[in-house]
Structure formats: C-alpha cells, structure tokens
Amino acid sequence: MSFEPGVTALLGPNGAGKSTLLKLVTGLLRPSSGTVRVLGETPFANPRVSARLGLGPEEQELRARVTASEWIETLLLLSGVSRDVAHERSDRVLDDVGLASVAETRVTTFSRGMKQRLRIAQAIAHAPDILVLDEPLTGLDPVGRKEVIDWIREWGASGKTVVVSSHILHEVELMTREVVLMTAGKVLASGNIHEIRRLMDAHPHRIRISTPEPRKLAQRLLGEEGLISISFNEELSRVELETEKPDRFYALVSDLVLDRDAIIHEISSPDDNLESVFHYLVGQ
Amino acid sequence: MIDSRRILLVAQWSVSQLVWSSRTLAMGILAATPVLAALVYRAAVAIDLALPTSGYGVFSVLTATVSFPFVAPMLSLFYASGVTSDDVEAGTMPYFLTRPVSRSDFLLGKMLGTLTVALLLFVPPFVICYYVTLAPGGFREVGVRFPVLMQDVLAALLGLFAYNGLFALAGTVVRRPLLVSLFFAFGWQAGASIVPGSVRYFTVTHYLHSLLPHESVGGVLASLIGKQSSTAESVLALFLIGLASHVAALRVFARKEL
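Quick note, the sequences are listed as chains A and B, same order. Be aware that the first sequence starts at 1359, since it is given in the working numbering, and climbs by one per residue. Be aware that the second sequence starts at 119, since it is given in the working numbering, and climbs by one per residue.
Treat each hint with caution, since some may be false.
Claimed, not checked - Computed footprint of chain B on chain A, listed as stretches where at least three residues anywhere in the stretch have a Cβ under 8 Å from a Cβ of chain B:
# : stretch
1 : 1383-1394
2 : 1434-1445
3 : 1586-1598
4 : 1605-1612
As the list claims (entries may be wrong) - Label-pair restraints from in silico Cβ distances:
#  : chain 1 : residue 1 : chain 2 : residue 2 : range
5  : B       : 316       : A       : 1373      : 21 to 27 Å
6  : B       : 275       : A       : 1459      : 42 to 48 Å
7  : A       : 1462      : B       : 373       : 34 to 40 Å
8  : A       : 1459      : B       : 257       : 54 to 60 Å
9  : B       : 188       : A       : 1516      : 57 to 63 Å
10 : B       : 140       : A       : 1443      : 57 to 63 Å
Stated by the list, open to error - Taking lysine to any residue pairs in the SDA-like style, the calculated list, with each CA pair at most 20 Å apart, reads:
#  : chain 1 : residue 1 : chain 2 : residue 2
11 : B       : 374       : A       : 1392
12 : B       : 374       : A       : 1518
13 : B       : 374       : A       : 1404
14 : A       : 1603      : A       : 1566
15 : B       : 374       : A       : 1390
16 : B       : 374       : A       : 1566
17 : B       : 374       : A       : 1400
18 : B       : 374       : A       : 1405
19 : B       : 374       : A       : 1395
20 : B       : 374       : A       : 1399
21 : B       : 374       : A       : 1378
22 : B       : 374       : B       : 167
23 : B       : 374       : A       : 1391
24 : A       : 1603      : A       : 1592
25 : B       : 374       : A       : 1585
26 : B       : 374       : A       : 1605
27 : B       : 374       : A       : 1387
28 : A       : 1574      : A       : 1622
29 : A       : 1518      : B       : 220
30 : A       : 1504      : A       : 1417
31 : B       : 374       : A       : 1393
32 : B       : 374       : A       : 1504
33 : B       : 374       : B       : 220
34 : B       : 345       : B       : 306
If you're looking for bench data, these hints aren't it; they were derived computationally from the structure. Cβ atoms here follow ideal geometry from the backbone N, Cα and C, with glycine treated the same way.
Just chain A, same shape as in the assembly:
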C-alpha cells in the first residue's frame, strides 16, 4: 500500500486498524512484520521524518495546563522554529482554524469541536509535506465539518499527501475519491472508488437508468447475459437493473441510445457511493 500526494481516506469500522496504521506511518509504533517507509525512511522514532509530517491524533482529552497559543508555540519550538516565528505562526494558524478569539484560553476548557480544531492547527502549523489526520471530523458541528472537509481538499489539491481516517462515509466522499477500505487489520481494497467497485464485478452491480419509456427499455434488456433482476420505480420513470456484468450493460445502453432505440435521461449507479461499497465489501 502506498499513499501519494492528494487526499487518501482510510475507511473501516472500529477495530479495523486505521489508527494503528496511522501510528505506524507516523512512527509511534513499529511494525511487528513487514516494513513501513515514509519519504524513503523508516518512520519509527525518526526526527527526519517527523520534521516533514503533521499528525492530528485521534480524539483524546488534552489535559495540559496551557493556553492554545502556548501549546502551538511549544510544539513549533520543538519543530525547530525560532520563538518569534513560532509566535507569529501560532497566531496565524489559530486564526486559520477559527480559534483566534480563544488563543489565550486554557485548552482544558475547550469544547470537543475546539479541541479538534486545535489538533488540526498543531498538525499544519509547521507546514508539513504529509498530513495524517485521525478522525478529523469527530466532535465538529456541521459548519465545522464542512470547513475541515474544504481544508482537507485544499491541502490535497496543493500537493500535500493527506491521509485521513474516518468512519463517516458520506463526508469522506466529499473529501476524496481515493480510499483504502480496512477491516480486522487488513486492507480490503484500495484505489479510486470506481476502481474498487469494478474489483467487485463478481458481485451484482446495480445500474439506475432514468427514461420516459421504462417498459420498452426493460423489454430490450431482458434475456441479456448477466442480467439478474430488473425493476421499476413507482412513477415509472426509472429502471433499475442488477447485473454481474456492468460493463456489458453500460455498453448496451449506450448502443441503444446511439441507435435511437431508447431515450435515456440519466445513468447512475447507487453502488458507486462509499457507503454501499464499504458495506458490500465487509458484508455488513
């Protein structure tokens, strides 16, 4: 498995091993077997890797007797930044994540959402090349979630390698199409969500076709090899078919349109969202 520049999401249920994988990547754990390399080096206890990496760890109570700005400055100083620069960057990054007004407030008094923003602030404060965020949306309100999703997309688009773990599937879908699906400590599938879906061609795939002539279309498709079932919606405006050979049916429907044998408004697959792929793969 490798993570490239851009945003990659780790998806899986609790206990899937997402946090463990992130701890291996960030050098908090050593692999018991196999190897982990980050920027060409072993990350465990490696300051050269740490210098270029930012970690937003999983949610845990932060009991340090320190204000938000003192906390960010301390971590920046440990990253090798001078005091003046640390102060200036701390102010800037706290402003970026919406914590400027509470910069001099003790972090122990922060709400869950504010602590999550602080976790993100310290992860990006030293401008790392690689960002590792463990459940970065936990504790955030809807507005906060949207902001963080937008930031993650921006960081990915700017060329940073961003690895995000989450179990909130529809929000992950807004961040990236590159996913790694994990369960029970194993990678179930990885790659673009559409590519993952294609890996599952052995399983039935649903294709939804919006058409003003659903019965006519159904008649043309009946009897085709690989068709498992076919159904209509109540308004008779849509056909949904289940097939073991989705590529064949996509091609067939395209031919029908080109031959003017069918009027098609829209073709989509309800299986192409992360949630259905994930549930499908882990059998839940």
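Fit chain B to the supplied structure of chain A, relying on the hints for placement.
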C-alpha cells in the same frame, strides 16, 4: 547527537506542567514538614522550654530521619516515576513523539525537568530548616555549621540524581511505576539496610547515610550491622547509580512503543 536547545525546551515544558499540579501542592506540604518541625522548635525556644538538644541536634535529627530517608525519595518517586506516564495521561505524548525531537532528547528533557522540580522542592526548605533551627545559637553557630549544610546539599544533589534515574527507569519499564518505586524506596531499602552482608550496597540510602554527617536510628543500626562506605565510594556510587539508571531509561524509551 544531543540537541541541548530541544532538551531544555522539553525540560521547561516538564517543569511548567509539574510546578502547577496538585501533586506539587502535596509534595510542597511534605517538603515543608521539616520546616514546620523547625518552627515548632523555635517556638519552644522562644518560650524558654527546657529542651534536651541544641538547634544543630534538631537539624541533624530532621535531616537524618525526615529529609533524606523520607522526603527525598518521595519527591523523586512522585515526579520521576511519571516521566512518561504523565504525558500519556495528559494526552500530549503523541504530539511530542511526532515532532523532530529524538526520543533520547525528549526523555533527557523530561528527566531534567523532574530532577529540577525535586531539587526546587527539597533544597530551599532544607536550607530554611537549617537557618530556623540554628539561628537561636547566633550567627557564629550558623557559620560554624555551614560546611555541614553544604555537605548535606551536595548529598541531596547526588541522592536526588540517583533516585531520579531509578524512578525514571521504573517509569519507562513498568506499567505501574509508582508501586514498584514505592517498594524500592520504602520496602527494599528499609529491609536491605538492616540485613547483614552486602545487600545494603544495592540501596541508595546506604551511600546517603555514609555521606551525611548526622546520626540517625537507622544509620546507627546500619553501622552496627556493617561498615559505612567512604565518602569517595559513596559519591562515586551515587553518581554511577544515577548515570546508569538514566542511560538505561533512555535506552528503554528509545525502543518503546507508546
């Protein structure tokens, strides 16, 4: 390669977190016990109570029975044994270990922090205790006994250094360092000091007793069972215990998964 700037940053962080903790309030009260006892003595002197001992005698008793055998190990124990668990419990450890700071530098900074706080809590009350008990004898008494005070403070530096290393090692090796450290400080050391033979050489108290120019019940008992070590031997032993245990803690922590 040691990075002194980062070590000092970690030490500064460590001290800032420890100084304002509830643990320090409790340890401060403990460290002030000899001073309180000294003030009681001064009050007794002020009201002309017939006392069986001099100010120096009271200071010796407090030093040999409270400050060194009890306060010093307790201070080290409650700070150094939490050298890693404090940050784990505070949720700060993942942040520090993913900064470009070597684990050795991080732990060195932490151990420097715990040693600093222990010294800050031990030495000033100890010196105050000295002046409070000896002041009724006049400036001459205070001046004449000053070398003893210096000897005590140097012994405290070495003793706290040794304890700091041992309890920090316990903090990096075992899950419940407080229990192990308590056993070592008040179980093993108490037992070993009264057992004939060479077991006593595996305690910090033996070398501290050898360095202190004060007599105590424990010290007298120990000297009856076996001979004290020389000053040079004791200084060297305490330094080596401290050095070896600090180095061992660094080596353990360098490979530890947290």
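20 Å limit on alpha-carbon distance, applied to hinted pair residue 374(B) and residue 1504(A)
violated, 38 Å
Evaluate the given range 34 to 40 Å for the C-beta pair formed by residue 1462(A) and residue 373(B).
holds, 39 Å
Within the assertion that chain B covers the stretch 1605-1612 of chain A, do at least three residues meet a Cβ-to-Cβ distance smaller than 8 Å?
As far as the stretch 1605-1612 of chain A goes, the hint is violated, because 0 residues have Cβ atoms under 8 Å from chain B.
Does the hinted range 42 to 48 Å hold for residue 275(B) and residue 1459(A) at CB?
holds, 46 Å
Holds or violated: residue 374(B) to residue 1393(A), with C-alpha atoms at most 20 Å apart:
holds, 17 Å
Holds or violated: are the alpha carbons of residue 374(B) and residue 1387(A) at most 20 Å from each other?
Roughly 8 Å separates the two Cα atoms, so the pair holds.
Coverage of the stretch 1586-1598 of chain A by chain B (three or more Cβ within 8 Å)
violated (count 0)
Using C-beta distances, would you say chain B covers the stretch 1434-1445 of chain A, given that this needs three or more residues below 8 Å?
holds (count 4)
Given the hinted pair residue 374(B) and residue 1390(A), is their alpha-carbon gap at most 20 Å?
holds, 13 Å
20 Å limit on alpha-carbon distance, applied to hinted pair residue 1504(A) and residue 1417(A)
holds, 19 Å
For residue 374(B) and residue 167(B), compute the direct alpha-carbon distance and say whether it is at most 20 Å.
violated, 59 Å
Pair hint outcome, residue 1603(A) versus residue 1566(A) [Cα-Cα no greater than 20 Å]:
holds, 14 Å
Violated hints for the displayed structure, listed by number in ascending order: 3, 4, 5, 10, 12, 16, 22, 24, 25, 26, 29, 32.
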